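Start from the sequences, fold in the hints, and give me the full structure.
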Amino acid sequence: MSGAIPDLSLYNFYKSQDSVVLNNLQDTIEEASTGYKLLNIGQNPGDTQQVINLKKEIVLLSTYSQNAFSASNVLTATTSVLGNLYDYLQTVNTDVVAAANEATYNSTQLVNMGQSIYSILNLTLSKANEKFGDNYLFGGSSLSIQPFAADFSYQASTTDFYTQISNSYQVPTYLNGQNVFGLNIQTTSTSYNSYTQSFSGPGELIIHYGTNVYQVNYNNTPYEWDWNSGLSSTNASLGVSGTISLSVVTASATNVYNISYSSTDTLSTLLSKISTSTGGNFKASILHNLDNTYGIEISPSTNNPSATYSLYDSNSLYKLDQTPSNILELSNYINNVYSGTLQAFIRQNSNSTFSLEIAGKDVAKPLNIIDLNQYVSSSFKQESVFSVLKQTADRLSLGLPTIDNELGANMVISSQSFNSLTSPIGVNGTLEIRISSSTIPINYTANMSLIDVANLINKASNGAAYADFVQNQNGTYSLEISSMLASQSLTATDVVNGAFSQFNSNQIPNGSYIFNVQRALDQISYANAQVGSYIQNIQTQDNVLTNTTTVANTELANYQDANVPNVLTDYSQYQLAYESLMNLIANQKNLTILKYI
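Sequential numbering of the sequence shown, starting at 86, is according to the working numbering.
Treat the hints as calculated values from the structure; they're not laboratory data.
Predicted model only: the values in this text are computed from it and were never measured.
Using N, Cα and C, we set each Cβ at its ideal position, and we do this for glycine too.
Don't take each hint at face value.
To be verified - Pairwise CB distance ranges, derived in the manner of DEER restraints:
no., residue 1, residue 2, range
1, Thr426, Thr561, 42 to 52 Å
2, Ile455, Asn377, 57 to 67 Å
3, Thr176, Glu517, 39 to 49 Å
4, Ile455, Asp479, 25 to 35 Å
5, Gly617, Ala321, 45 to 55 Å
6, Asn278, Ser505, 36 to 46 Å
7, Ser229, Asn388, 25 to 35 Å
8, Ser192, Gly511, 48 to 58 Å
9, Ser192, Pro451, 55 to 65 Å
10, Thr243, Val325, 42 to 52 Å
11, Asn400, Lys212, 37 to 47 Å
12, Lys212, Gln587, 26 to 36 Å
13, Gln467, Ser362, 28 to 38 Å
14, Gln194, Ser523, 35 to 45 Å
Right under this line is the structure:
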């Protein structure tokens, strides 16, 4: 028995070594034949999980890369369409600018030009409804719904369709056509027989432009003023002293009411002074602005058609605006107060009515206008590339130029400005105001102020003209004279070249057709630039995808692929070890245990 134990131990040792060497040899053979280091999960669970994760990542990266390729193709087709549209509109823009001069083209040529624009309008509609494969380029996330109907109304999705091209970035691919072809131009749905036709009531316009909100008050009488102090409360002190001058001019008399206010007065105090110190001719109410500041709204108690009313403030610290009462006054008000932001036009429609048009100066900023009281218009409608082309074609097809020269100047402003409304103008002189065929002479003296001259004009014109003031950007004042009837032209001359030097005509802002076509051109250019930026972003992201995929494949190879030269070396070593072990076993002939094998 004592001899069997060593034999059995030695046998077990040989047997275990045989198993180890044989297993290693088999693994090495499989690595060499398959090229893979990991052959089953049990070999190395941690590395196996890394391989699974890397394979998932590579599949996802491949999907993103395919998405990027598809999105790039769609957007390339989109930029091609927009490029064609830009060329069309460039042609229209050239014609519309030329058509502003009636001396250049006769009515037949204008009609032919209008017909040509109708053709371009149809081409534009066709391009806007183009497909890429089965999907509409400008149908947004609707994809299969035709975006624009025959009447140019938009009927598809108002959101873009996005393509995911990375874990954190998706690119707009099929665009919302309403945004692409819509313009930041809003027009009154209500039209007017005359641009001096009074609004039917007082109210407020709320203008949303980009991130800004503006409040514009209007009235249904030609005489109302907003004395806007911008105070946070009606009981807050005014903080400055001054005098408000209110005047009523009739053919028989001129009444002037000077209302002094001190720095310690409040809005409520000033309101009471105006109400009790003007002989019942003027009324006042608190003005509550959109930004929760306060001012005072001042107007005649009763509007006497044969009287002329005016208001002046000796202190320029507070903003004093005459509230517009028709679309001409409203357009001029917007152009003066928001000159760097908004632009307003009087548009003469093809049926000879007039509309108010308001546009944003920056093509990239959205514009939306709400009439809270709906006395200017029941609503404001957004213009589009299509509506602009149609309106322009309609007008030219009637043989009418794109600027109506008959809507000329009915307002003049003195080139000479003054530091104060109440100081003497310093020289004697004579103004000749011509309204249509009538001439009104105005003799002024050196001791008169601007206010005195304005009252003199208002009295002498007997309601045919209205004198007011504009405050220039440098804080000085100029005399402004307007015809009270839009159909009557107005000029003014300082015949002795005295205090006012000369008067410059202020044209009715009626260049909407030219502006609108240019804005349509700018909008298509802007949209195309956006698409170009999307394509550039895709290219940048695709480079990242390529680099990330390369890194992932390298990591996968490190975990998974066999190192064939090393494996072949290992194979030779294991083969030699196995043969040596077998020889060793075969040479142990005297082992007792071998008798039982």
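Hints, verified against the model:
In this structure, Thr426 and Thr561 break the distance hint of 42 to 52 Å, their C-beta atoms being roughly 23 Å apart. Between Ile455 and Asn377 the beta carbon distance is about 18 Å. The supplied range of 57 to 67 Å is therefore violated. Checked against the hint of 39 to 49 Å, the C-beta distance between Thr176 and Glu517 comes to roughly 47 Å, which is consistent with it. Remark: the range hint 25 to 35 Å for Ile455 to Asp479 is upheld by a beta-carbon distance near 28 Å.
The hinted range of 45 to 55 Å is satisfied by Gly617 and Ala321, whose Cβ atoms lie roughly 52 Å apart. With their beta carbons about 41 Å apart, Asn278 and Ser505 fall inside the hinted range of 36 to 46 Å. For the pair Ser229 and Asn388, the beta carbons lie near 59 Å from each other, so the given range of 25 to 35 Å is not met. A beta carbon spacing of about 52 Å between Ser192 and Gly511 agrees with the range 48 to 58 Å that was offered as a hint.
Checked against the given bound of 55 to 65 Å, the beta carbons of Ser192 and Pro451, roughly 38 Å apart, lie outside it. Our hint of 42 to 52 Å for Thr243 and Val325 holds, since their Cβ atoms are close to 49 Å apart. Checked against the given bound of 37 to 47 Å, the beta carbons of Asn400 and Lys212, roughly 58 Å apart, lie outside it. Roughly 51 Å separates the CB atoms of Lys212 and Gln587, a value that falls outside the hinted 26 to 36 Å.
Gln467 and Ser362 have their C-beta atoms about 47 Å apart, which leaves the hinted 28 to 38 Å range violated. The supplied range of 35 to 45 Å is met by Gln194 and Ser523, whose beta-carbon atoms lie about 37 Å from each other.
In summary, the numbered hints that this structure violates are 1, 2, 7, 9, 11, 12, 13.
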